[in-house]
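Build out the structure end to end from the sequences listed, making use of the hints.
Protein chains: 4
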Amino acid sequence: MIKAAVLGATGYAGIELVRILSNHPEVSIEFLGSQSFDGKKISEVYKNFEHVLDVNCSELNLDEVQKCDVAFTALPHGASKTVIPELINRGIKVIDLSGDFRYDDVKVYEEWYGEEHSSPELLKESVYGLCELHRDEVKDARLIGNPGCYTTCSILGAAPLLASGLAETKNIIVDAKSGVTGAGRGLGLAYHFCECTENSKAYKIATHRHTSEIEQELSKLAGEEIMISFTPHLIPQKRGILSTIYINLKEKHTTEEIVRLYKDYFKDEFFVRVKDMGELPETKHVAGSNFVDIGVVVDERLQRAVVVSTLDNIVKGAAGQAVQNMNLMFGLDEKTGLANAGFYL
Amino acid sequence: MIKAAVLGATGYAGIELVRILSNHPEVSIEFLGSQSFDGKKISEVYKNFEHVLDVNCSELNLDEVQKCDVAFTALPHGASKTVIPELINRGIKVIDLSGDFRYDDVKVYEEWYGEEHSSPELLKESVYGLCELHRDEVKDARLIGNPGCYTTCSILGAAPLLASGLAETKNIIVDAKSGVTGAGRGLGLAYHFCECTENSKAYKIATHRHTSEIEQELSKLAGEEIMISFTPHLIPQKRGILSTIYINLKEKHTTEEIVRLYKDYFKDEFFVRVKDMGELPETKHVAGSNFVDIGVVVDERLQRAVVVSTLDNIVKGAAGQAVQNMNLMFGLDEKTGLANAGFYL
Amino acid sequence: MIKAAVLGATGYAGIELVRILSNHPEVSIEFLGSQSFDGKKISEVYKNFEHVLDVNCSELNLDEVQKCDVAFTALPHGASKTVIPELINRGIKVIDLSGDFRYDDVKVYEEWYGEEHSSPELLKESVYGLCELHRDEVKDARLIGNPGCYTTCSILGAAPLLASGLAETKNIIVDAKSGVTGAGRGLGLAYHFCECTENSKAYKIATHRHTSEIEQELSKLAGEEIMISFTPHLIPQKRGILSTIYINLKEKHTTEEIVRLYKDYFKDEFFVRVKDMGELPETKHVAGSNFVDIGVVVDERLQRAVVVSTLDNIVKGAAGQAVQNMNLMFGLDEKTGLANAGFYL
Amino acid sequence: MIKAAVLGATGYAGIELVRILSNHPEVSIEFLGSQSFDGKKISEVYKNFEHVLDVNCSELNLDEVQKCDVAFTALPHGASKTVIPELINRGIKVIDLSGDFRYDDVKVYEEWYGEEHSSPELLKESVYGLCELHRDEVKDARLIGNPGCYTTCSILGAAPLLASGLAETKNIIVDAKSGVTGAGRGLGLAYHFCECTENSKAYKIATHRHTSEIEQELSKLAGEEIMISFTPHLIPQKRGILSTIYINLKEKHTTEEIVRLYKDYFKDEFFVRVKDMGELPETKHVAGSNFVDIGVVVDERLQRAVVVSTLDNIVKGAAGQAVQNMNLMFGLDEKTGLANAGFYL
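As given, the protein sequences belong to chains L, Z, C and S, one line each in that order. In short: position in the first sequence from 1, add 2, done, that's my numbering. In short: position in the second sequence from 1, add 2, done, that's my numbering. In short: position in the third sequence from 1, add 2, done, that's my numbering. In short: position in the fourth sequence from 1, add 2, done, that's my numbering.
For the record, the hints were derived by calculation from the structure and aren't laboratory data. Wrong hints could be hidden among the right ones.
Put simply, identical chains are the same to the list, so a pair is met inside one copy or across any two.
Simulated crosslink set (EDC-like; lysine to aspartate or glutamate; CA at most 16 Å straight-line) [stated by the list, open to error]:
{"no.": "1", "residue 1": "265", "residue 2": "134"}
{"no.": "2", "residue 1": "269", "residue 2": "52"}
{"no.": "3", "residue 1": "206", "residue 2": "278"}
{"no.": "4", "residue 1": "222", "residue 2": "134"}
{"no.": "5", "residue 1": "252", "residue 2": "66"}
{"no.": "6", "residue 1": "43", "residue 2": "118"}
{"no.": "7", "residue 1": "277", "residue 2": "258"}
Dropping the structure here:
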């Protein structure tokens, strides 16, 4: 059994990790870190866990965490700075859900996060845990920068076209819609039920940090520097991201051709489901699961591909992908504990 | 492995059965019956199952079903009439999700369903599959009448008080609120998103068939005939039933005493969670799980207990309880494949 | 034109008052009090008002308010204590949306609110502004205690039976479901979208303050002291209260007879719509309007009436009724500015 | 008083027309056409109208409609074909909510609708009723092609940039999200509450008919032929469209400059509200009102403007704009009956 710690267990990403790990046949949850609920059972904080998991939440205790094989860190920005290097020093593998260890280039991080990086050496070593693109590096990593929700959805949606060389690299637009769990459990008027239901809006246009993460990966795939428009939106549902991606094609192609390209690119990927021509993905199809569903239409009038990519932001967009990374790091089948179909209802 | 057939697999109860069974370690799904989607893969009808389960849906084929150990029947009323006796004849255990095999007394059935019962002999043999109350009979049954959603929630909520003899048996009120999955997948203007969201209503006041099912079980528990008011309501959520139950007490009792009574009554039940004094259940705590959560308050001014009972109508109120029954019938641990914590989010 | 001030204009009851008054042909909004948004235009706080109403919000300024004919007070408990007596002293009519001036008997207030009343003299003078029951007193009042949302819905739903003498006065149960605007705009984890959507729960069982308000009015109607069970529930919609009321009948009656009793009782009331036999109200039918819709079924098996009463909690349950009171106090047709049909969609 | 007929009164656009007209001070509703509810009062079909409007629905009766000054037609495609020419012949002004009379060029209609136009002469005469762009022609029109919901939102969002000559006319992307009322009241599994809530999806990519309507108007504004990507999405709310529009700029501009351009362009428009720099519109701000709210950000990295435009699809996107057109055609102030602030809650 892999002994696991979840630091920041009572936020939405954290509790989804706990939910997934509690169903994982090869994991025992040994430590749940929570500043706010120190001393409480996790089942007192999230009452759905009563009779299922009665582990206590504790303030961070490195000696306790050290008994674990892996720590998932879903910590507030300040906290993770000092904790992660210490965990690595103590020989624990770390899968970090923050943005801190997702970058190849410390300058990109510093530009988009507006501050100096506190562990540039570790950043260099860390692996960007988008499993479908970096599987081999993940297997050997000590420290994973687990990708963002918008980014996983958007990068996978665009990857086949950019890797193929068929895409023009200018004028790529990613218009993404997210459910409200993406904003976390912190209070805010914008997330009050009465303000949020029956409401949709765009936010952080041209400035959202995930832009830089998407650009980094798409640039690597394309072999040239890519800059995109990324617009996040908040829509009135709990789970789910849907990214609509517009990519001009260098030459004329049919929908059939591009669907074939996508099916081929992802043919060995369990967690990516490319829709048949004429079908489009829906967030309901992926909710509660680790799948990414992708549909493609070519607008032949405009020589432009429109790709729709969807996932559950707190599963494949956070906790599920973190567990997929763990599976890879510990030599398990990538699907272990993750191969369920989702809720639908 | 238990070979299972689901007849009526593409309705909401059916697909929830498929979802639960697809995660069950001791079951293989061998036959999915669906009139409407004959020839289609289940993953074409419910696209969340792509890459997970690719069984074909078929029209009913008794010879195929006969290869199974158990059939779950979630059929339209007419169809189940002839199918179930035939399945029993062929030696297959049947767990029926309709109302047809839930009654001790054929007359009660005929009064509330307004028609003659087509298999009164089988009705006599069938067992009412409310596991917590009829566990021993379930173990030996060939045919289970799987309880209704409102009824499971309401009966378990009232059981400890009625079994204890502390309750007055007049003036019992069950005011129940249900999510929309309870109405099934059939189209109807009342279930159109725009008519249903931001809307609540009562329906079938004093005439809902579940009334008779609740009365049957409460009468047995109390040892005398009980008649109740049962009012179902539709509220704008997918999953969840919350029953608020009003029961007068013969003598003065405190909340503490009655909570203790409930905790004691259910002390060996994994799937019933009695809340501590001062806490109340919420549908979110049980969504996606097989748990029933129950909270109790005594209104000392009025010498009246107010019990709040909640479950997921398509899990413990339908598919989950059906699997719990199967586990019992096949000698498995009752919790097998059902011990997860639910979604919460 | 009636010059109106709204104190506490940026809470949900306050802004609904502003919305209704901004459509009222005989009112000019002269003062909007808001501690939190002092100096901001109301259209900066609620952006739906841009181009429609550009009045500034201000901290309370009694000299400014004094220029008005009427002040609606939707203030936090502490603030209203000193403000209301001062407004009355200065000759301004006051319609108070808090619970402070709704009681005939100061002792009942003190028992349920757990503190001494700060203006017992004013309480004596104040009129309980449930227009349908106290129209004549409202006309001459200087100070209105505007009824609560649950209470308006529940009292009107029970009134005809209690006034008629046909009802047993024991065992009256009011099971009420409310949308989330009822909880106001203050932040709280329970009102976070992700915690609130897809969730229902009961709260404050046997202790909610509105119990005492309902009991006061029903006791007056019945001519004897009445105690009821009142259970509030939170359901995942913005607007709407639905009260399901259980009342035993002294003698046998049919649904038809009791429907007729209700139609007769409310025959002159514009804002009360009694449903025909066989029909039941829905919150969607009243959302955005000042109507109360009431349906009745008699359960002849149990000699019990089940009444369903519904209204929009922030219109007839708060702001709309406040304006109805204002209309009466200023000699206008009660319907002025309030006779619209609601949104439905 | 303007005597008005609404044909197709019981669909969602129709009933919103009825709602708006019932509050309009210069209109009397004389005829409500409904095939499905012939003989029923409108208040029996939409019970929110009880006590407010008791007009009967009837099958189409041209002699009755002829007594009116104006007919709003929200008819199924087949029906409107013969009715509208006949109404025009009889001298009634017609505001048609279908797509039939929105085109300058019959060929564009025939290409996108896949059939011959049945009244090409009338099409030539008809005026495209986007009031902000065609106010003068509307005033004199006998027949208005009332714009689509997506189109009004998208055209107004892009108009200032295209009219200014600052925009590149290639690579314009309109990514639009719509509430479910846009799909109408007809039944369909996709609009079942349980399928629709907690779900988002794109549909009709590159083929939605509104594409051609947007292209027609943007081409006129730009003075050259424009082709756009238009992607509609369904999101889980009732009302509201949010269009996110991507337009490359020929030269470098700041957000401030483009906001100023927008404010200037719409400076005389009551129903268009351009947000200050740094603010973005939300569907909640326009729900229940005739306003269009528009926000602009320039992504200086990419020399691209991102415009967010939002309206209530059944008000400014259908019924409200129809009434605005009527006001213009009958010489009333355009705002009459439409100047309310919306619901917000």
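Structure-based check of each hint:
Proximity of residue 265 to residue 134 under the C-alpha cut-off of 16 Å is restricted to the intra-copy arrangement: shortest distance 14 Å within a copy versus 46 Å between copies. Taking the shortest alpha-carbon separations for residue 269 and residue 52, only the inter-copy value of 14 Å comes in at or below 16 Å, while the best intra-copy value is 40 Å. Taking the shortest Cα distances, residue 206 and residue 278 sit within 16 Å of each other only across copies (15 Å), while inside one copy they are farther apart (33 Å). In this homomeric assembly, residue 222 and residue 134 come within 16 Å of each other (Cα to Cα) only inside a single copy, at 14 Å, whereas the closest approach across copies is 46 Å.
With identical chains, the CA atoms of residue 252 and residue 66 are never at most 16 Å apart, being 56 Å at best within one copy and 53 Å at best between copies. In the homo-oligomer, the alpha carbons of residue 43 and residue 118 never lie at most 16 Å apart, since the shortest distance is 37 Å inside one protomer and 40 Å across protomers. Proximity of residue 277 and residue 258 under a CA criterion of 16 Å is satisfied intra-copy only: 11 Å inside one chain copy versus 42 Å between copies.
When the structure is compared with the earlier hints, violations turn up for hints 5 and 6 and for no others.
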